[in-house]
Each structure stands twice: as C-alpha cells, then as structure tokens.
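Chains A and B supply the protein sequences, listed in that same order. Reading the first sequence from the start, the letters are residues 1 to 288 in the numbering used here. Reading the second sequence from the start, the letters are residues 1 to 309 in the numbering used here.
Source of the hints: derived by calculation from the structure; they are not laboratory data. Among the hints, erroneous ones may be present.
Unchecked claim - In silico lysine-lysine, BS3-like type, Cα no more than 27 Å apart, as pairs:
#	chain 1	residue 1	chain 2	residue 2
1	B	K143	B	K131
2	B	K143	A	K132
3	B	K131	A	K68
4	A	K68	A	K57
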Amino acid sequence: MSRAAAHHAPDHAKGPAAGAAALLLQILLVANSFIMIFPILMMAAFGFKSTAEIFSKPFAFPDLTNLKNYVTVLVETNFFLYLGNSLLITGTSILGILTLGTMAAYGLARYSFRGNIAIYLFFLAGLMVPLKLAVIPLFIQMRDLDLLDSRLGLIIIYIAMGLPSAVFILTGFLRTLPSELEDAARIDGAGDARIMWSVMLPLTKPAMVIAAIHNAVPIWNDFFFPLVFVQTDARKTLPQGLTAFMGEYTTNWGVLFAGLTLSALPITIVYILLSKQFIQGMTSGAVK
Amino acid sequence: MSANLEWPLRRRVWVTFLIVPPLAFMTAFVVVPILSAFVYAFYDWQGLKRADFVGLRNFLDVLGREPWAATTWRAFGHNVIVFVTLMILQNGFGFLLAYALSRQLPGHRFHRVAVFLPVILSSVIVALVWKQFLHPVFGLLNKTLGLLGFGAVTTPWLGLSETALWALILVNAWHWVGFPTLVFLAGIQRIPPDIIEASRIDGVTEWQLVSRIVWPLVAPSATVVFILLFIGAFNWFELPYLMSGLEGSPYGSTDVLGLFFYRTAFGNQSSGAQDFGHGSALAVLMFVFIAAVSAVWTVRLRRREIELS
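Construct the entire structure; sequences and hints are all you get.
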C-alpha cells in the first residue's frame with residue numbers, strides 16, 4: 001500500500017482481532033457522544049415542558065410549539081441585559097487583547113534588539129500564572145482606580161489575562177512570515193508602520209482568529225471575576241446573571257432549563273458553525 | 001531585520017511604541033498584583049485597610065493553627081483526590097477516546113465535534129444543569145437509574161458526604177474530557193503513519209500498539225494535559241461553589257482550597273468578614289505550591305519525552 005493510500009485509510013488492520021478492536025472503539029465513541037450530547041438535549045427539551053411534566057414524564061418527547069418558558073425568560077428576566085453585557089465585555093476585551101498582543105508580537109517577531117528574548121519570556125511566564133490567585137491585590141487595585149463594580153474593571157483584568165497567550169500565538173505566527181515581503185515593501189519606499197499595517201497584518205488574520213477564540217471562550221464563560229467584582233444587576237454578565245435568575249425561579253424547573261438553554265445557545269451555534277477554529281483556538285498552546 | 005544600534009531614531013521610537021504599552025499593561029495588572037499578594041500576606045488587615053506587619057503569622061495560622069489549619073489540610077486532601085481521580089478519568093479516558101478518533105472510523109468527524117461540545121459551555125451552565133439532574137427525587141440521573149431497574153442504588157448524590165465529591169468529579173470529567181482528547185488526538189496525528197504501518201505488518205496486537213508505540217510517542221501531549229490538569233485541579237472553584245456552595249456542603253465534604261480561599265478573603269453569609277491577610281497567605285501558598293510542582297514536574301515530563309522518543 002502506498003503512503004498516500006495509507007494516509008487515507010489508516011484503519012487498514014487485518015484479521016478478526018483487529019476487527020473486534022475497531023468495533024470496541026466504535027462502541028466507545030458512540031457511547032461517549034451519547035453521554036456528551038444527551039444531557040444537553042434533555043436540557044433543551046425540559047425548556048419546552050412544564051415543571052409537572054418534567055417531574056412526571058421526563059423522557060417524553062417535548063411539545064416543541066410550547067414556547068411559554070422561553071418567552072418567560074426573554075420577557076420577564078434580564079436575559080438581554082446580561083447578554084448585552086457579555087457581548088460588550090467579551091468584545092472589548094478581545095479588541096484590547098488583539099491590539100496590545102499584536103503590537104508586542106510584531107515588535108518581538110520582526111525586530112531583533114537587546115532584551116527581545118527577555119521580554120518574550122516575560123510574556124510567556126504570564127501563561128502559567130493563575131490570575132485568580134491575585135484576586136485580592138486586583139480587588140484593592142480596582143478599588144483605588146474606582147473601578148469596582150464596573151464593566152471596565154473586568155475588561156482590564158481580562159486583557160491582562162489574555163495578553164500572554166495572544167503574544168505567544170501571534171509571535172509564533174509572525175516569525176514564520178518571510179522577510180522578503182518586508183524588504184520588497186521597503187524598496188518601494190514604505191515605512192515601518194505602513195509595512196506592518198498594509199503588508200504583514202493582513203497575512204496575520206488566521207492567527208488573530210485563533211488568538212481571539214482562545215481568549216473569547218473563557219472570557220465569555222467566566223464566572224469568577226464577575227462574582228468578585230460586579231454586584232449591580234445591570235452590569236452582570238450572562239453566566240453571573242444566570243445564577244441570580246436561578247435563585248429567583250428555584251421551583252420552576254421549566255423556566256430554569258429554558259434559561260440555561262438560551263444561555264448556552266449563542267456559543268453553541270457559533271461552535272457548530274466554526275468547530276474547526278474553536279478546537280484549534282482552544283487547544284492552541286497545548287498543541288504544537 | 002537589523003541590529004538596533006544602526007537603527008535610525010524613527011525606528012527606535014516605532015519599536016518602543018510597539019513594545020512598551022503591552023509591557024506596561026502586563027506589569028501593572030499581572031506582575032504587580034502577583035507580587036502584591038506576597039507582600040499583603042505578611043500584614044494584618046482591617047477590612048480593606050492594611051494594618052500591622054505580622055511577619056509569618058498568617059502563614060503559620062493557615063498551616064498549623066485553628067480555626068484555619070484543619071480546614072486547609074482537609075481542603076488540600078480533597079484537591080489531591082480531585083487531581084488523582086481526574087488524571088485517570090479525564091486524561092486517561094481522553095487518551096483512549098483520542099486513539100479511537102484517530103482510527104478514522106465511520107462518524108469520527110461527528111464524534112470529534114461532540115466530545116468537545118461541553119468544553120465550550122460555561123461552568124455555570126454545566127454546574128446548574130447537573131445540579132438539577134442530580135436532584136434526589138426529580139433528577140434525570142435517578143429517574144434514568146429507576147427506569148433501567150437500578151432504583152435501589154438511587155441516592156441524593158450531592159447530599160451525602162460519601163458521594164458528593166465524586167459526583168462533582170464526574171461532572172468535571174464530563175465537562176472537560178474533550179480537551180485532553182483533542183490534544184492527544186493532535187499528538188497521535190503527528191506520528192508518522194509508517195511507524196504504525198510497520199508495526200501492524202510486524203503483527204503487534206492492538207493493545208501493544210496503543211501501550212508501546214502510540215502512548216510513548218504522544219509524551220509531549222501528555223506533558224501539557226498533565227500540567228494543565230494539575231493547575232486546574234488545585235485552582236478548582238466554580239463547580240464546587242455552584243453545586244455545593246461556599247462551605248463545600250455537605251459537612252465540608254466538597255470543600256477545596258479555592259473555596260476556603262474565597263471564603264477567607266471575601267467572607268460568607270454567616271460571618272461576612274473579609275480577611276485579606278489570611279486569604280493572601282492561602283493564595284501565596286497555593287501559588288508557590290502550584291508553581292513549584294508544575295516546574296519540577298514539567299522538567300521530569302520533558303526528560304520522559306526525550307527518553308521515550
């Protein structure tokens with residue numbers, strides 16, 4: 001068998017033992033996918049049921065036209081307010097991370113100067129630091145800056161948290177761009193800023209997408225920093241707002257599950273559309 | 001690229017403009033807070049005000065004096081259990097799934113997307129959904145068990161000291177197993193196909209292939225997921241907080257260092273007191289422990305990678 005053929009059909013094991021192994025692995029995969037997806041489907045299905053139905057007939061197929069619980073969540077709770085805050089905070093943080101991260105990465109990847117490696121390692125060290133453990137000093141710092149209970153305070157913390165990984169991902173990518181591109185533009189009379197903006201950055205977009213997803217998912221999902229820093233309901237993010245809303249509707253399971261489903265919906269849709277980029281983005285740094 | 005001594009002033013200004021703002025930001029909001037935590041731990045705190053310098057007292061308190069020490073060590077023990085169990089459940093099972101996915105059996109693309117689906121969800125959603133599913137009477141788990149004829153083993157999983165921590169560990173594994181799976185999968189896909197091909201021709205069994213060839217060759221992926229799990233397990237907070245509450249109910253059976261740190265620093269409903277001194281001491285100890293073990297272990301795992309390659 002040629003190498004190319006082997007590549008297309010790695011499962012070319014022969015004999016009944018190998019067949020049995022393949023069958024076992026297939027069963028494992030199907031069972032696992034069921035365990036991964038079934039609870040999520042049940043969550044969405046419960047959103048279509050009344051509390052009494054959830055208790056008495058949990059496995060019955062839901063009446064998909066019964067949108068009562070979903071409407072309750074959208075109309076009677078602050079769902080859209082929390083959603084807006086999450087979008088604002090995640091979006092602004094990513095903008096900040098990409099701007100500062102690209103600046104540092106470009107300087108480090110495209111210019112050699114004394115201290116270059118030291119500064120790169122300085123950023124890398126930030127990758128291993130669990131910033132959660134610095135929450136007390138951050139709390140004091142935000143109080144001094146008068147940014148407690150504000151969205152800007154969260155954005156600043158998220159930018160700080162995301163910067164190391166963005167510098168790591170973007171520097172790695174920018175180093176691979178050939179310097180001939182720069183030289184050619186320089187001969188045409190372009191300055192440093194122009195070369196960066198018009199020649200190099202358009203080529204960096206794929207790495208920017210990876211760096212953006214790598215940080216957007218944990219920021220979008222974060223609960224810890226809002227818990228510590230935000231108290232005012234109007235400034236809460238979606239995950240944080242969800243806990244408030246759970247407290248309010250403790251006994252109404254139908255509405256609870258509708259709320260959970262609606263909160264999971266935005267990121268799930270984007271994930272299904274962009275699963276390749278999501279997987280690449282979230283495992284980048286862990287995968288060479 | 002040119003050496004910076006020959007650079008015209010304009011370029012020096014340009015590179016300074018690129019490097020300094022991100023560097024300043026990192027310094028102000030990562031380095032300064034981390035270093036401050038070390039300073040704060042040596043002081044007594046009156047609410048949000050720093051009071052007297054107390055030397056090592058906060059550290060000695062949380063490690064050896066009541067009412068702190070017993071809680072610290074119990075929580076630490078729970079973190080160890082969480083870490084060890086997840087090493088097997090999450091990383092071990094993740095490797096197995098990765099191997100299964102690498103065989104490119106029918107439907108592998110779907111299974112790859114499915115295993116990663118919970119990973120993208122917020123801990124809040126995962127915790128609250130599973131909290132309802134684990135409800136003793138109306139929860140989906142006990143309903144399913146009843147339906148399958150296992151009604152006898154149904155129990156209030158989150159309500160018993162014997163089962164609560166294990167329930168949380170399983171939920172965590174459900175949430176995160178996709179991460180090690182896809183990191184291992186990327187590692188397996190980097191193995192040159194000829195190696196697998198050759199060993200198959202030599203007639204090795206499936207098990208030998210997995211344990212003697214694939215596992216050693218994904219050592220770099222193992223290093224990454226082991227270290228990340230270690231950091232995650234000793235920082236564990238969201239899941240126990242949302243499913244068992246700030247005190248690690250029932251009876252502290254799910255109390256971990258993250259909860260104890262948060263309670264100490266920011267108070268709880270019963271006392272409402274903020275104790276930044278002892279809180280900082282706990283944070284510093286956790287930080288030093290995580291950093292030291294990760295560093296030593298990374299070196300050892302890297303050495304293992306070289307030996308196995």
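Evaluation of the provided hints:
no.	hint	result
1	B:K143 with B:K131	14 Å, holds
2	B:K143 with A:K132	38 Å, violated
3	B:K131 with A:K68	23 Å, holds
4	A:K68 with A:K57	18 Å, holds
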